[in-house]
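Spelled out, the chains give:
Number of protein chains: 2
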Amino acid sequence: MRISALAERTGVPLATVKYYLREGLLQPGILTGATQARYTEDHVHRLQVIKALTSAAGLPLQKVKVILGLIDDPGGDLFSALGQAVASLPPYRSDSEPEYPRARALLERIGQIYDPGYAATAQLEHALEATEEAGMGMTDERLQVYAQQIRGIAEFDLQRMEGSELSPIEYAVLGTALYEPVILAMRRLAHQDIAAKRLGPPG
Amino acid sequence: MRISALAERTGVPLATVKYYLREGLLQPGILTGATQARYTEDHVHRLQVIKALTSAAGLPLQKVKVILGLIDDPGGDLFSALGQAVASLPPYRSDSEPEYPRARALLERIGQIYDPGYAATAQLEHALEATEEAGMGMTDERLQVYAQQIRGIAEFDLQRMEGSELSPIEYAVLGTALYEPVILAMRRLAHQDIAAKRLGPPG
Numbered sequence: 200m201r202i203s204a205l206a207e208r209t210g211v212p213l214a215t216v217k218y219y220l221r222e223g224l225l226q227p228g229i230l231t232g233a234t235q236a237r238y239t240e241d242h243v244h245r246l247q248v249i250k251a252l253t254s255a256a257g258l259p260l261q262k263v264k265v266i267l268g269l270i271d272d273p274g275g276d277l278f279s280a281l282g283q284a285v286a287s288l289p290p291y292r293s294d295s296e297p298e299y300p301r302a303r304a305l306l307e308r309i310g311q312i313y314d315p316g317y318a319a320t321a322q323l324e325h326a327l328e329a330t331e332e333a334g335m336g337m338t339d340e341r342l343q344v345y346a347q348q349i350r351g352i353a354e355f356d357l358q359r360m361e362g363s364e365l366s367p368i369e370y371a372v373l374g375t376a377l378y379e380p381v382i383l384a385m386r387r388l389a390h391q392d393i394a395a396k397r398l399g400p401p402g
Numbered sequence: 200m201r202i203s204a205l206a207e208r209t210g211v212p213l214a215t216v217k218y219y220l221r222e223g224l225l226q227p228g229i230l231t232g233a234t235q236a237r238y239t240e241d242h243v244h245r246l247q248v249i250k251a252l253t254s255a256a257g258l259p260l261q262k263v264k265v266i267l268g269l270i271d272d273p274g275g276d277l278f279s280a281l282g283q284a285v286a287s288l289p290p291y292r293s294d295s296e297p298e299y300p301r302a303r304a305l306l307e308r309i310g311q312i313y314d315p316g317y318a319a320t321a322q323l324e325h326a327l328e329a330t331e332e333a334g335m336g337m338t339d340e341r342l343q344v345y346a347q348q349i350r351g352i353a354e355f356d357l358q359r360m361e362g363s364e365l366s367p368i369e370y371a372v373l374g375t376a377l378y379e380p381v382i383l384a385m386r387r388l389a390h391q392d393i394a395a396k397r398l399g400p401p402g
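Protein sequences, first through last, are from chains A and B. Last residue of the first sequence: 402 (our numbering), numbering continuous. Last residue of the second sequence: 402 (our numbering), numbering continuous.
Treat the hints with care, as some may be off.
Pairwise CB distance ranges, derived in the manner of DEER restraints [to be verified]:
{"no.": "1", "chain 1": "A", "residue 1": "Lys396", "chain 2": "B", "residue 2": "Pro297", "range": "16 to 26 angstroms"}
{"no.": "2", "chain 1": "A", "residue 1": "Pro297", "chain 2": "B", "residue 2": "Thr215", "range": "29 to 39 angstroms"}
{"no.": "3", "chain 1": "A", "residue 1": "Pro259", "chain 2": "B", "residue 2": "Tyr313", "range": "51 to 61 angstroms"}
{"no.": "4", "chain 1": "B", "residue 1": "Asp339", "chain 2": "A", "residue 2": "Glu240", "range": "19 to 29 angstroms"}
{"no.": "5", "chain 1": "A", "residue 1": "Glu328", "chain 2": "B", "residue 2": "Pro289", "range": "11 to 21 angstroms"}
{"no.": "6", "chain 1": "B", "residue 1": "Ser366", "chain 2": "A", "residue 2": "Ser203", "range": "19 to 29 angstroms"}
{"no.": "7", "chain 1": "A", "residue 1": "Pro289", "chain 2": "B", "residue 2": "Pro297", "range": "26 to 36 angstroms"}
{"no.": "8", "chain 1": "B", "residue 1": "Ser366", "chain 2": "A", "residue 2": "Asp276", "range": "43 to 53 angstroms"}
{"no.": "9", "chain 1": "B", "residue 1": "Leu213", "chain 2": "A", "residue 2": "Arg208", "range": "22 to 32 angstroms"}
{"no.": "10", "chain 1": "A", "residue 1": "Glu207", "chain 2": "B", "residue 2": "Gln226", "range": "53 to 63 angstroms"}
Stretch-level coverage of chain B by chain A, calculated; a stretch enters the list once three of its residues show a Cβ under 8 angstroms from a Cβ in chain A [said to hold, decoys possible]:
{"no.": "11", "stretch": "212–226"}
{"no.": "12", "stretch": "273–286"}
{"no.": "13", "stretch": "331–337"}
{"no.": "14", "stretch": "375–383"}
Since the hints were derived computationally from the structure, they do not count as laboratory data. C-beta: ideal position from N, C-alpha, C; glycine also.
With the rest of the complex left out, here is chain A (with noise of 0.2 angstroms):
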């Protein structure tokens, strides 16, 4: 397809098209002339992701750069690469404070792995921070409930990344991107499902 078809595909608009074809971000089309170029099913493809990272995750260019690299190049590693990627997400954390107690307890707790090096890690240890200032921080019972929950999720989570036609980081980091919002609103959807049954039909 013409760049003008691949544009309007996509829903990107052409100048924006334009600008990641020269910052690097999406390969170069397959000249078949001098001034025109044919795009395919993996320009598309390469689109939805940038598309979904900037719009739908909220990410600066610098950090889709990023990503897209370790998609392009994933290096020998891929436990650290799909660790790099999900950590180029927000929320951004970093401290002078290299412990995370909170943190650490809860993973050994629950028998994970706790490594102070992984992003997630300092994401627990400000939200269980947050939980403890407002008094209601997580009991022995709620972390045993939500960790079994969580963990069906998250195992089903990389049983389809393995069957999944993206490549591993991309699976990764859309897979956190995107359902993250999906699981919240969820949550709070299931609350008033619940509450309304017990309180009695809302309106």
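Model the placement of chain B on the given structure of chain A, informed by the hints.
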């Protein structure tokens, strides 16, 4: 305690405590002299709620006021008050399109109430739209797994609301604002734990 002790206990700057008093967010202390007042554990608690809403949840003071108003007077219909209070938390979505076809289909599929008036319905619609645009729409299998696991969390949340020392509105708002980041961080860490066990140890 004196106002200076109140500020110290809660970690809220004295000038901010005085501002909340002037704005009526914090109830006045008990006068013990012409220019002195005494503050109680109720004041500590209220400041903790305000602090959680402003700093952990990142709410503007205008939204905090709405929530505090509902905490102080939920009115006769607790279900509506809960909905209004949680709708004061981000993300804020309003649309001219009042139908939300994706959210409706999902909620009908899992047998939950569909109400386009719930703020989280619009939130879910947008989240689902983003997954589809990226070619990662929710499969039925993913939906069933997510719905079941999230239901387990939500059932627990509601059970604990009944035994909580907090008012239902406080519990619902803080439990939404504070546990959402915990859930997301725990899911990311569960992914890393499972991936590490499959792909070999990190580092």
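Cross-check of the supplied hints:
1. Distance hint for A:Lys396 and B:Pro297: a CB-CB separation of about 24 angstroms, consistent with the stated range 16 to 26 angstroms.
2. At roughly 30 angstroms, the beta-carbon separation of A:Pro297 and B:Thr215 lies within the given 29 to 39 angstroms, and the hint holds.
3. With their beta carbons about 36 angstroms apart, A:Pro259 and B:Tyr313 fall outside the hinted range of 51 to 61 angstroms.
4. Taking 19 to 29 angstroms as the suggested C-beta distance range, the pair B:Asp339 and A:Glu240 conforms, at roughly 25 angstroms.
5. The hinted window of 11 to 21 angstroms between A:Glu328 and B:Pro289 holds, with their beta carbons roughly 20 angstroms apart.
6. Against the hinted window of 19 to 29 angstroms, the Cβ-Cβ separation of B:Ser366 and A:Ser203 comes to about 58 angstroms, which falls outside the hint.
7. The hinted range of 26 to 36 angstroms is satisfied by A:Pro289 and B:Pro297, whose Cβ atoms lie roughly 30 angstroms apart.
8. Here the CB-CB span from B:Ser366 to A:Asp276 is close to 50 angstroms, well matched to the stated 43 to 53 angstroms.
9. Distance hint for B:Leu213 and A:Arg208: a CB-CB separation of about 59 angstroms, inconsistent with the stated range 22 to 32 angstroms.
10. At roughly 59 angstroms, the beta carbons of A:Glu207 and B:Gln226 sit within the given window of 53 to 63 angstroms.
11. A count of 0 residues in the stretch 212–226 of chain B with a Cβ less than 8 angstroms from any Cβ of chain A is obtained; the coverage claim is therefore unmet, three being the minimum.
12. Evaluation of the coverage hint for the stretch 273–286 of chain B: fulfilled, as 6 residues show C-beta separations to chain A shorter than 8 angstroms, against a requirement of three.
13. Coverage of a stretch by a chain is defined here by at least three residues with a beta carbon nearer than 8 angstroms to that chain's beta carbons; for the stretch 331–337 of chain B and chain A the count is 5, and the condition holds.
14. Using a Cβ-Cβ cut-off of 8 angstroms, 8 residues of the stretch 375–383 of chain B lie near chain A, which meets the minimum of three, so the contact claim holds.
In the structure shown, a violation is registered for the earlier hints numbered 3, 6, 9, 11, in ascending order.
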